[in-house]
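Turn these sequences into a full structure, and let the hints guide you.
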Amino acid sequence: MKILGIAGSKRKKGNTSILVQEALKAAQKEGAKTELIFLGDYSIMDCLGCEGCRDTYRCVINDDMQKIYPLLLESDGLILGSPTYFYNISADMKAFIDRCYCFEVFAEDDRSCWLSINEALGVVKYAAVIAVCEQQDEKDMGFTPEAMSLALQAIGYRVIEQVKVFNLFKAGEALDDSDALRRSGRAGEKLVRTIRLRKELELKIKNMNTKNAES
Numbered sequence: 777m778k779i780l781g782i783a784g785s786k787r788k789k790g791n792t793s794i795l796v797q798e799a800l801k802a803a804q805k806e807g808a809k810t811e812l813i814f815l816g817d818y819s820i821m822d823c824l825g826c827e828g829c830r831d832t833y834r835c836v837i838n839d840d841m842q843k844i845y846p847l848l849l850e851s852d853g854l855i856l857g858s859p860t861y862f863y864n865i866s867a868d869m870k871a872f873i874d875r876c877y878c879f880e881v882f883a884e885d886d887r888s889c890w891l892s893i894n895e896a897l898g899v900v901k902y903a904a905v906i907a908v909c910e911q912q913d914e915k916d917m918g919f920t921p922e923a924m925s926l927a928l929q930a931i932g933y934r935v936i937e938q939v940k941v942f943n944l945f946k947a948g949e950a951l952d953d954s955d956a957l958r959r960s961g962r963a964g965e966k967l968v969r970t971i972r973l974r975k976e977l978e979l980k981i982k983n984m985n986t987k988n989a990e991s
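Residues 777 to 991 (my numbering) are what the sequence shown spells out, left to right.
Hints are computed from structural coordinates only; laboratory data are not their basis.
Treat the hints loosely; a few may be bogus.
[Stated by the list, open to error] Simulated pairs of lysine to any residue, SDA-like, Cα-Cα distance not exceeding 25 Å:
1) Lys788 - Leu951
2) Lys843 - Leu926
3) Lys901 - Cys823
4) Lys901 - Ser954
5) Lys789 - Ala867
6) Lys786 - Arg959
7) Lys778 - Pro846
8) Lys901 - Ala883
9) Lys940 - Ala871
10) Lys788 - Asp953
11) Lys870 - Ile813
12) Lys805 - Ala867
13) Lys901 - Leu979
14) Lys980 - Ser851
15) Lys870 - Cys889
16) Lys915 - Ser954
17) Lys870 - Ile844
18) Lys843 - Cys826
On a predicted model such as this, the values are computed, not experimentally measured, just so you know.
Next up, the structure:
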């Protein structure tokens, strides 16, 4: 099992990055292989809305996002983390999410009908999101958790946990926030356990169908 973590902060030692790494550490303890991506290390252009991915389901922009697509496809679970910038996710996270548009497959004559690539292939994936805010009131977090969660759901992920963390401004403050660390770690654990249970259920149903077919 592989879990991919994606941090949408420019600060590698910032609070978002710390909490995403905490979730990945917990996932490792549960037996998963993990990989961490700092979006700030990648050159990712904005989506052009050109529909160039309509027929091939591959983005036509040749930049560093092409390095991330295979990692998304091969991973079993995903952890997204973003700081809150003006009531929303960071620009890096927004560009990343927009460029995942190519994972959606629309009906030719009715764009209100679509499937994700994952759903079309019969693949169920799970995700968790971590949203960080410097303010103490949840309203000041704005759209950050849902901006990640709704987009993930649209491309075929089941979001099993939203970790909302407040009152973190200075880089590294998350290291002293035991509750934020605990909840982020719990999200990583829950993600791995959910995926494992899903695989066990799939195997159980498969074996049952085989047994019924033979009887």
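- Hints breached by this structure: 4 and 12
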